[in-house]
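Starting from the given sequences, assemble the full structure and let the hints guide the process.
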Amino acid sequence: MAFRYRQVFFEDGDIVSPKDWNRNIAEYTQEFNGYLDRDNLPSSGVTSAMIKDEACNSVHSFSSTTDTTITGDIGVWQSTDGTTKFSEVSFTLDSDAMLILEWSGTWEWSHSFQLSSGGIAYRGISTTGASDDYVEYRILVDGIEVCRLPKSTFPRVCDSAYMVGAIPVAGGNHTVTVQAKNSRENDSSPSFIDVTLKERELFVWVRKR
Amino acid sequence: MSAIPVTQLTINPLRGMDQRWRAEPNSAEIITDMTWNEQDSWMDGPGYRRIVTDYVVRGSNDRRGTIVTANAFDSESIITSLHWFAQHNGAVQYTVWETSAGELKIFNGSEAPSDIFDYMVDRENNAFNGTARSRTYTATPNIRTQSFTYGGRLYLLNGKDEPVVFDGRKADSCGFFSPAGVATPNMLDKTNDSDPIRVSDSNIGAGPSSDTSHDVGFAYKITFVNERGQESPASSEAASVVYKQLNLTTKKIIPVSIPTGPAGCVARRIYRSLNLYSGGDLIVGYGSDIRTSIDNYYFHSEIQDNVTEVFTDIIPDGLLGAVLDGSQLGAFPFNASISAVFKNTVFVGGMTSNEIRFSRPLNPEVFPEDNVFQIGDSTLGPVTALYPTKNALVVFKQRGIYLIKGDPNSGFYAQTLTLDAGCSAPRTVMELPGLGLAFLSESGVFLLEGAMTNTGNPTRVVKLSSPIPDLVDTINKSALLNASAAIDRNSGEYLLSIPTQDKPDPLLLFKYHYEVGEWSTSENWPINCMVTSGDHRGYVYFGTWDSTDIAGIHVISRGWEDKGGLYSINPSYTSAYMDFGTAFQSVHPIRFNVYAIGYGNNDIECNFAINRELDAVYSTARSHDQRYPLDALPVYGTATFGGSTKGVQDRFSDHRPVVVRFDVSASHKGPVHELQATFSAQTRRIQIVNYNVEVKGGMQRKPKPMTLSYGGKTSR
Amino acid sequence: MSKVVLTQVNKGDPLVVDKINASIGEWNSRSNDIDEQNVRQEGVDRRNIASEAVIDSPSTSASQIDSVSTASAMPAVSPTGGAAKIPDSDIGPFTYNSSDQVALKVNLSLHYEAVGLFIAGSGSGNLSSSLTSIPKWKVAIYYKDSASMASFAQIDETVRTITFGLVAIDKANRIPLSGSLSIAHNFTALGSTSTSSLSFNVRVWQDTNSLVLPITINNFNFYAQRILR
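Chains as they are written, first to last, in my numbering: chain Y, 18 to 226; chain C, 1006 to 1721; chain S, 58 to 286.
Any given hint might turn out to be false.
[Said to hold, decoys possible] When the alpha-carbon atoms are kept at most 25 Å apart in a straight line, the in silico DMTMM-like pairs for lysine to aspartate or glutamate are as follows:
{"#": "1", "chain 1": "Y", "residue 1": "69", "chain 2": "S", "residue 2": "213"}
{"#": "2", "chain 1": "S", "residue 1": "76", "chain 2": "C", "residue 2": "1655"}
{"#": "3", "chain 1": "C", "residue 1": "1482", "chain 2": "C", "residue 2": "1425"}
{"#": "4", "chain 1": "Y", "residue 1": "36", "chain 2": "C", "residue 2": "1679"}
{"#": "5", "chain 1": "C", "residue 1": "1651", "chain 2": "Y", "residue 2": "28"}
{"#": "6", "chain 1": "Y", "residue 1": "198", "chain 2": "Y", "residue 2": "90"}
{"#": "7", "chain 1": "Y", "residue 1": "225", "chain 2": "Y", "residue 2": "105"}
{"#": "8", "chain 1": "C", "residue 1": "1701", "chain 2": "C", "residue 2": "1618"}
{"#": "9", "chain 1": "Y", "residue 1": "102", "chain 2": "Y", "residue 2": "28"}
{"#": "10", "chain 1": "S", "residue 1": "76", "chain 2": "Y", "residue 2": "29"}
{"#": "11", "chain 1": "Y", "residue 1": "215", "chain 2": "S", "residue 2": "213"}
{"#": "12", "chain 1": "Y", "residue 1": "36", "chain 2": "C", "residue 2": "1608"}
{"#": "13", "chain 1": "Y", "residue 1": "215", "chain 2": "Y", "residue 2": "98"}
{"#": "14", "chain 1": "C", "residue 1": "1701", "chain 2": "C", "residue 2": "1679"}
{"#": "15", "chain 1": "Y", "residue 1": "225", "chain 2": "Y", "residue 2": "71"}
{"#": "16", "chain 1": "C", "residue 1": "1165", "chain 2": "C", "residue 2": "1374"}
{"#": "17", "chain 1": "Y", "residue 1": "36", "chain 2": "C", "residue 2": "1566"}
{"#": "18", "chain 1": "Y", "residue 1": "36", "chain 2": "C", "residue 2": "1374"}
{"#": "19", "chain 1": "C", "residue 1": "1175", "chain 2": "S", "residue 2": "213"}
Please keep in mind that the hints were generated in silico from the structure rather than gathered at the bench.
This is the structure:
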């Protein structure tokens, strides 16, 4: 507890010496000039107006309604279609923080609509092998995977999903990237199908304290 | 007629108490309420006050002009222990105290002065308020709650209640007191077609897949893990499951029921044996099988919750982790009442045996069963205190001092230092800067000097309290456990609060001024426990046993007028007896010149005693201002700002040594063989540098005939 | 500068009150002006910070309903025309001031269910063989500043699309659709405009031809939270 107490006692009849006054007032002033702590401050005394902007939290977000293509025949993690990034933010922190990452988006498989007269109907180009085409998404922070969505398979022609993760980071430059992979479980003959990523948003909440 | 010569004896420098019959003249028989300062003088000592001021409460009648004050500590119970620690590099400080009402409180200055604490709470939010949760209080002398800090947390143990670890927000139980429960593997069937759970991927699943005609078996052990990563002892038993695989390509999956841990458990670790069978035969550790034992358990997985009740085992033998070393796990010792941290290892003692148990390094709550020292014999008393120093952990018994040396890598070992001295009061063990370890024994105060290792500086035990045998004789040896100590670095003092005479509760303070190696004393200090804050302020706080008149936590400072508003501060320096010779040699004191700091108009008093008589020479001490008579210096109470004295504008003056002269006489008392002076303050402030005494010394041994004196001749 | 600067009194100084008053005056003025220079690093603790000083509590903003069924026809028109509001999904009013906050975060999560689609037979879920695109339905968050807007507007980035999965050959073999949907949105649509009457709700519509397919929405949680500092 950063309470301070007088150090010198003087009373009537004592010589008026400045040392006594100086010593006692310095005892309090030393603490006031840069060493106050929680015991010196009242409960609930610090309000929003007293807190510097972004002292505790900052937010970085990316959102888009521009369609972008997740190419089917690449089969590896991609973060861009060559011109448009799926979702990415970069920022600089002046202190350590916890990043809480949320991403949601919606996508659609490129397909031709077809109804069959027998069996189960597909909307795809071929009924062989295409059922195990999938798209999956993940969030990386400085190249480290933080969270990943389960695979969303082709029969879900349009779908939306949301993923969340958290990771502590040190101060400095950071990049949060959303990657997607369009692939299939079994390497078989049907042509690959692209996925169009549509409305999406990446929300990065930086919790500093 | 020859005159008796006047001799001036200068007593300088003034030193502390020395109660030997023949002491040095510059020592004192008794010094009370004084402190030695580095300007080599003795000045008035400190008082104490509650750490928070009174606050105003209106009376119920609310009459104008009626102000009623109260203090947050007015209804406080006896404070039985006091602890201080900090986190975040000292930015967040905690003062924790325990009371006789079974409470654990944490200081909260944000609501001061009316509301100054929060109750410590456990993880279920039960408060240690003496009702929801309570700590045991024993009125008779006992060690009381000891504490140590590790990993930014405060550990509290008293040998009666469960040890508690406080992280700044909540209190948890320390470690685990018993092994984890037993895991039960069961080859359950699915509800559909009564088939067992199975997998046909040959890369996963326990046991060999081709072994369909032979038995396959596994056993499991569990440990609990708390949020500090401390692991419990493993299950005492390991239930096993024996089965045959389904077919050549399909393995059965083993569901295992696992116990949930106690409150505070955040994870369970699973350990599993290798396949207990080879070719259908139970492995017994000989023959062609290369494994020597089926009793090894390997890390399987960690269930990161305390909720899951069943998990499925699909890990093959080849993917199991490190072997479980059960000897490195152990429960937190029950009944441990003293503790210390040395070389990243926690040592505890005070259990019913004479043992010192120590933890696994970097695991303060895990105590392997084999980590134990048997210290001394039972005949030499229990282990009473532990104290870590640079090179050794010092283990005190009531009669005996031992050193534990070494480190976690190369191992610890115990040495006997001495069997002659010991410590009887664990809360008095303190390290005196530059000197060694001071502690209180039944026969006095001792100092353990030296580096406690082979550096050429011998380790030895020295009796510090040799100069004060009379004071030591007053110690209440039955209540030594109630003694406590603290180091006041601001004043350079080792403060030792000791119960004396018939009283079990301390009221007398022994003060060892370690910078000069001298003793003084002070009365009316109802100290039950003490602590020095570990920050830049270095204040000494104490909790009192007097919950009636002066309850609460107090802070020591020379800025207070008195002691708790109840007892006055009476600085007094009584010298040792100056011995002037035999019964046939005597002196006549005529003057004392005291070199004191000129504080002003408040008097310094002087009295003296001769020949060890019961009473002083004067019934009322002589007194003089503490200034030169012709000094016209402004003083508080009379001077005014902008005022003047004798036509000269008043100025801020300064304290400086002045000579205060006391003309005295003891001729009505007869020859003086021994002389003792007492200097004291009439009010509060006094500072004595040294003094001299002028005496008429020497006796005429050769009588002169009166005829010679009047001009006669020795012969006709 | 909020640090107290004392005026040292020295021995020999005239016994006047000037220097002492100067120090006391410094205390009087600085004690009203405490800032970060007076507080040690990491010296402010949780208990010193007023409730909701850093993050507004979402509890006053949340809207939680158990189950709502859009059993009646969802509008099969574009959203600007007649997107159906999920009942009881209105939240607000909120204060929005981009210069006095870090962000306004809007969170939505819900669970949806629908009967499966099939080709042959009659009843809900039946797809006409003349259908040329798979039925989809969409959800989005809408906002309105009552001080400046007459009606709610769509937040385009929050549009999410769901479609049905496999289409069964007949009603007996249809597979129900169910799933969950969540959105986290950083609301910036008002830019630098400040308001204290900002509201949100959630709307759904079917984005396909004239086929009407109901869905059931339950376990719905929708709130907005101001991150102040």
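**Prompt:** Hint by hint, which ones does this structure get wrong, listed from lowest number up?
**Reply:** Numbers 1, 4, 9, 18 and 19, in rising order.
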